[in-house]
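Work out the full structure: start from the sequences and follow the hints.
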Amino acid sequence: MAETYDFLFKFLVIGSAGTGKSCLLHQFIENKFKQDSNHTIGVEFGSRVVNVGGKTVKLQIWDTAGQERFRSVTRSYYRGAAGALLVYDITSRETYNSLTNWLTDARTLASPNIVVILCGNKKDLDSEREVTFLEASRFAQENELMFLETSALTGENVEEAFLKCARTIVKSVSTYTRTHIIYIDI
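Here the working numbering runs 282 ahead of the position in the sequence shown, where the first position is 1.
Think of the hints as simulated: they come from the structure by calculation, not from any bench. What you are looking at is a predicted structure, and each value in this text was computed from that prediction instead of being measured. C-beta: ideal position from N, C-alpha, C; glycine also. There may be inaccurate statements among the hints.
Straight-line distance between alpha carbons at most 16 Å, and here's what the computed EDC-like set of lysine to aspartate or glutamate pairs gives [stated by the list, open to error]:
(1) Lys314 / Asp406
(2) Lys453 / Asp288
(3) Lys340 / Asp288
(4) Lys340 / Glu285
(5) Lys453 / Glu438
(6) Lys405 / Glu441
(7) Lys405 / Glu442
(8) Lys340 / Glu441
Taking CB as the label site, the calculated pair distances span [to be verified]:
(9) Thr286 / Glu412: 39 to 47 Å
(10) Ser419 / Thr390: 21 to 29 Å
(11) Phe327 / Ala299: 30 to 38 Å
(12) Glu312 / Arg420: 17 to 25 Å
(13) Arg389 / Ile311: 22 to 30 Å
Printed below as a string of structure tokens:
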């Protein structure tokens, strides 16, 4: 039996290696923590249908490898993406420092209008924090991003990150279709 949905959105999960991107995807899709997570090679894929503002939305989620050696390969997956979770590890200054490069890739290779939510992952490791909430919040504001801190381990804000991004896209699509005449070539 075929799935029915009002919208289909391609999402990317991007960021440096070791930030918990695959664990975030697994937590969102399976509602549990992935204990034995290895570094992603190339790309992993998952999907889930969600209700957003009364609309049925299928999220196709592409979890990209974070290692530099796979960057040229994973860039090909950006095309057509409507949304992205830009992930860094709150306990790793290095992953935070690379955010600008990841964001540039998303806006260049996917679309300048891609909806991006910054996710400071591993919130459960707050005592080992290297990046403050305020610092990341400021980065998000300067780059016109939404921002949440998440924990793939506990599930905190994981669903909210994906849904917040999807809500923003649905709102912009709804605004677009109300204000523009759409021509269909028959």
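Tested hints:
| no. | hint | result |
| --- | --- | --- |
| 1 | Lys314 / Asp406 | 15 Å, holds |
| 2 | Lys453 / Asp288 | 13 Å, holds |
| 3 | Lys340 / Asp288 | 8 Å, holds |
| 4 | Lys340 / Glu285 | 9 Å, holds |
| 5 | Lys453 / Glu438 | 24 Å, violated |
| 6 | Lys405 / Glu441 | 14 Å, holds |
| 7 | Lys405 / Glu442 | 14 Å, holds |
| 8 | Lys340 / Glu441 | 14 Å, holds |
| 9 | Thr286 / Glu412: 39 to 47 Å | 45 Å, holds |
| 10 | Ser419 / Thr390: 21 to 29 Å | 24 Å, holds |
| 11 | Phe327 / Ala299: 30 to 38 Å | 18 Å, violated |
| 12 | Glu312 / Arg420: 17 to 25 Å | 33 Å, violated |
| 13 | Arg389 / Ile311: 22 to 30 Å | 26 Å, holds |
Hints 5, 11 and 12 from the list above are not met by this structure, while the remaining hints are.
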